[in-house]
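Using our numbering, read the sequence shown as starting at 1 and increasing by one per residue.
You can trust all of the hints, since none of them are fake.
So the derived label-pair ranges between C-beta atoms look like this: (1) Gly79 x Pro19: 37 to 47 Å; (2) Gln15 x His59: 12 to 22 Å; (3) Gln15 x Leu68: 24 to 34 Å.
Hints were generated in silico from the structure; no laboratory data involved. Each residue gets a CB set at the ideal place from its N, CA and C atoms; glycine is no exception.
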Amino acid sequence: LIFVAVVSSFYGTIQDRVPGVDTSSQQFRRQVAPLNPPDEAADPAVAAAARDASTEAFHLAVLVASALLLLGAAVNGFGIRNPPRAERESQEAKEPDAPLPVHAPTAVPDDPRMRPEQEPT
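Whole structure, please, built from the sequences with the hints as guidance.
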């Protein structure tokens, strides 16, 4: 969502400030990209508009990110509920504890390096 907001704001601002430019062409988008310095071959008017548009797009990105964080906090605060403690305790009392898994003892491979050393007699 942030990327969509940045790109649409960036190219829209350039289109408004430099009316004769086709911001949808691939060549233009290679020369001028959001949040990057414009190519040296770019028209000075386009380069100035791109710098201003990058600043505005960055500010919009921060606002969108903040809104998404606040929305996530609201979902977390109001939408995710733990059951009350009494309900959890009664539910735990009804459910028996699951038995722990039993593992078979691990066999020692028949490798002379794995055998314990014997003391010389």
